[in-house]
Amino acid sequence: MSRLEGVGRIGAIGYTARDLVRRARVRNTPQQKTQLMVLTPDFDTRPVISFQHVFKTYPTGTEALRDINLEVPEGDFLFLVGPSGAGKSTLVRLLIREEKPSKGKIFVDGVELGRMKRRKLPYYRRKVGLVFQDFKLLPNLTVYENVAFALRVLGEPDSRVQASVAEAIDTVSLSGKEHTYPANLSGGEQQRVAIARALVHAPRFIIADEPTGNLDPATAWEIMQLFLRINARGATVVMATHNREIVDLLRRRVIAIDAGQIARDDRSGRYHDDVAKPQVRAQ
Amino acid sequence: MMLRNLKFALNSAWQSFWRNLAVSLAAVLSITLILILAGVNLLVGHAFAQVLDGFRAKVSEISINVADDTPLQSVSDFQLQLSADSRVTSVRFITKEEALAQFKSDPQNVVLAQQIEGNPLDAKLEVRVANLGDVAAIDTIARRWPGVDPTDPTNYQGDFVNRMLELSQWLGLAGVGLLLILMVVSVVIVMNTIRTAVYHRRKEIEVMKLVGATEWFVRGPFVIEGIMTGLIAAAIALALLVVVYPPAVDRFKSDIGFIPLSYDPAFISSLAQDLLLAGALLGALGSYIGVRRYVRI
Chain P
1 MSRLEGVGRI GAIGYTARDL VRRARVRNTP QQKTQLMVLT PDFDTRPVIS
51 FQHVFKTYPT GTEALRDINL EVPEGDFLFL VGPSGAGKST LVRLLIREEK
101 PSKGKIFVDG VELGRMKRRK LPYYRRKVGL VFQDFKLLPN LTVYENVAFA
151 LRVLGEPDSR VQASVAEAID TVSLSGKEHT YPANLSGGEQ QRVAIARALV
201 HAPRFIIADE PTGNLDPATA WEIMQLFLRI NARGATVVMA THNREIVDLL
251 RRRVIAIDAG QIARDDRSGR YHDDVAKPQV RAQ
Chain D
1 MMLRNLKFAL NSAWQSFWRN LAVSLAAVLS ITLILILAGV NLLVGHAFAQ
51 VLDGFRAKVS EISINVADDT PLQSVSDFQL QLSADSRVTS VRFITKEEAL
101 AQFKSDPQNV VLAQQIEGNP LDAKLEVRVA NLGDVAAIDT IARRWPGVDP
151 TDPTNYQGDF VNRMLELSQW LGLAGVGLLL ILMVVSVVIV MNTIRTAVYH
201 RRKEIEVMKL VGATEWFVRG PFVIEGIMTG LIAAAIALAL LVVVYPPAVD
251 RFKSDIGFIP LSYDPAFISS LAQDLLLAGA LLGALGSYIG VRRYVRI
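Going line by line, the protein sequences match chains P and D.
Each residue of the first sequence is one higher than the one before, counting from 1 in this note's numbering.
Each residue of the second sequence is one higher than the one before, counting from 1 in this note's numbering.
Calculated directly from the structure, the hints in this document are not laboratory data.
Nothing here was measured: the structure is a model prediction, and the numbers come from that model.
For each residue, glycine too, the CB sits at the ideal point set by N, CA and C.
There may be inaccurate statements among the hints.
What the hints assert, rightly or not - Just so you have them, the derived chain P footprint on chain D, three or more residues with Cβ under 8 Å: (1) 196-209; (2) 212-219.
Claimed, not checked - Taking lysine to aspartate or glutamate and the EDC-like style, the derived pairs with C-alpha atoms no more than 16 Å apart in a straight line are: (3) Lys136(P) x Glu206(D); (4) Lys117(P) x Glu215(D); (5) Lys120(P) x Asp85(D); (6) Lys7(D) x Glu156(P).
Chain D extracted, bound-state conformation:
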C-alpha cells in the first residue's frame, strides 16, 4: 500500500510539474539563482577558510629565542616542560647553526647572508600550539622562563593573532547569516510556487479530502514536486559553479597574488552534496508550508 501511494504521489508530482511548466520553470530558475549564490558563498567561504588555515598554522607556531648563555640542560628542561603541556602539539629545538643555515637557505636573504660575520642568530624553540587562542598563554610562559633572550623573547604578535581570530569569527557569522537569508528567500519562493500549483488543483484536493484521503496522501505529491524542483535547480546551479570555479580561482590568483587561494577539486563533491541536499530540503519545506493551508482537513 505504501508503494502504491508512493507511485501515485510520484506520478501526480511528475504530471503536475509538466502541466504547470511555466510556474515550475520559474521556481527552478529562482531556486537555481539562490543556490548559485549559496554555492558562491560556500566556495568563497571555503577559499577563505583555506587561506585562514594557512595563516593559522603560521601564527599558531611560536618561536622562543634562547639567550646565548643559557645552559643546554635548562633548554632541555624547558622543552620537556612545554611538551608536557596539553595545549602544545610539538616542540622543536633549533640550534644557532641550524637557525643560520635556515636563514641562509632563504633566497630572499642571499645578499644579507653574505654580509653576516659570525652567527648573530639565537637558538630557538619552535612550539606548535593546538589552539590558536592558547598561543598567548604559551607566550607568557616563555617570557617568564629565565633562559629566554630578553631583547627579543618571542616572535608572538598578539594583535595580529587576535585580529585573525576576530576576522575568522566574523567571516563565519557573515557566511551563516547570508546562508540563512538565502534559505528563507528560497523557501518563500517555493512556497508561493507550490501555492499556485495547489490553487490550480484545489478542487482535486477537496475531492481527495471528501473521499477520505489522509493529509499525507494529499500532501505527498506536492512535497515530491517541491523536492524535484529543488533537485533540478541544485543540479543546474552545481553545473554552472563547477564550470566557473577553476577559471575564477585562476583569475583571483593572478589579480591578488598575496592571498594563497587555490582550486580544491575535493571540495566539489562536498559542494554537490550540500547543494543537492539544500535544494531537496528547501523544495520539500516550501511545498510543505505552501500546501498546509489547503490540506488541513
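Chain P extracted, bound-state conformation:
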C-alpha cells in the first residue's frame, strides 16, 4: 500500500493517506502524539447494541431498512458505510430514537428502544454523545457555553460544570478558545467543540453521523484521532461515514449498508466494495 488509490475529492487534491497521517502528527499537540491505545471489543459478551430483524418503512412508503440484524459489543468502534440513501442515517436515527422501527427490536444497554416511554427518552439520550456533520453548535454561545450547555440541561451544579467542561475542552485541544464564538472558529475547531459537547457528560456511546463530511482531509484525520481516543477510554463508537481513506486506514469494523440491507460486516474492514465505489466516484 505505497499509495492509496486516489478517488474523489482527496485524490483530486493529491493527498494520500500517508500524507494525512504525517500532517496530522505534525499538527497534533504533544498530548495527542502519545500512542493510541486500541481497545479490543469482546464479541463473546452480551452486546450493548443489538438490532433484531429491524425494518423501517417511512409513512411515504419508502423502505429505508430491511431485516437488519446487528450486534455491537461494548467498546466497539464501527463504521457504517454505503452510498447516500442506503439507510445509514435511518439507522443512526433509530439508534438515537428519533425514529421507531416499523418491525423488529433494537436493544441498547438491555433496553428496547421501540418500547421506551417518551418521558424516559431524555435519560436515554444522556447516555449517548451525538456528533453531526453540521456540528449543531449554538451561534450565540461561546465555546465554553456550548459545551456547558449539555450539562446545564441536566441541571448539574456550577462547580461540576466548570470542571467537566474544562476537561472536555482540553481533550479536544481547544484550551484558550473558551470565550470564542463558533463563527470565529474553523470547521475542524467547530467539530471539536461539538465533540467536546458530546463527551462532556461522559456518555457510554458516541454516535456520529458524517462527522468529517464538512472537513478537509487533514482536519478529518485529526477529528478521527479524537474519536479513537474517546473509544480507547471505553466508549462504544458508531460512525456513519463516506470517508473512504479514513475507513481504509483504520481497519476497524465496517458495516456496509446497501438498499436498506447489511451487505457486509467485516471486523477489520475496508470501505471499498462493489456497492460503494460508484457512489464515491460520483461525489
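Given chain P, work out where chain D should sit, using these hints.
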C-alpha cells in the same frame, strides 16, 4: 436541581423576552387590549349585578294587603305560618297606622297626603323571600288566605319578576360568552407569538433535545415567558381600567340617572386578582400550546 432548572428557565425567559422585544411587545399589546375588554366586561357585569341585586331585593319582597275586617288572631296565625316556611326570610306586620305614616313620610306623597281623610290604606304583611323564583309561590299562598284584601291582594307583579329573572340569566350568559371568546382569541395570539419565538430558537431546542433535556426543561422558559407577557399585559390593562372606572361611572350616572350604578372600590381588588390570574393563565396556556409541536421529542 429544581432550583437550578428554575433559574435557567427564568434567565432564558427574560433573555428571550428582551431579545425578541418587538414580538414580545406586540403580544403584550394584544393581550392588554383583550384584557381591557375582559375587564370592561367584568366591570359592566359587576355594575349590572349591583343594579340587578337592588331590583331583586325589591321584587323579592312581597306586600300582602290585609282586609280591614280580618281579626288580628288570624293575621298573627298567617304570619306564623309564613315565618315557618323555609323559603321566607322575614315577615313583618305593618298596621294601618304605620302604613299611613309611611305613606305620609314619602316626600312624593305630600300633596296627596294632605287630601286624605281617615285611613284608606290596608294593614300589610311584608314578606321577604330568599329566592326570587319562589315569590310566585308565596303570592299564591297569600291569595288563598281568607284574610287578604280581595280587591288588591298583593303587590306581586309576576311578569316583571319573570322578565328580571330572564334578563339576569341572559346577561350572565352573554358575559360568560364574551369572556370565552376573548379567552380563545388571547390564547391564539400568545400561541402565535410564542411560536415565533420558538421558531427563532428551534436550533437551540433541537440541541437541547439531543443532549437529553426533558420536555419540561425545554418548555419551561417559554411557559414562563408567556406568563411574564400575560402579567405585564394584565398590569397595564388594570392600570388603565382603574384610572378610567370612577369617571366612567360618574358620567353614566349623570347621563342615565334612573339606573342606580355606583363606584365600588372593593371590586378593584377582585378585578386585579381576576385580570392578573387570567393574564398569567392565558400566557401560560398560549405558550404551552405554541411550543408543543416543537418540543415533542
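Here's how the hints hold up against the structure:
no.	hint	result
1	196-209	holds (count 6)
2	212-219	holds (count 5)
3	Lys136(P) x Glu206(D)	holds, 9 Å
4	Lys117(P) x Glu215(D)	holds, 13 Å
5	Lys120(P) x Asp85(D)	violated, 63 Å
6	Lys7(D) x Glu156(P)	holds, 12 Å
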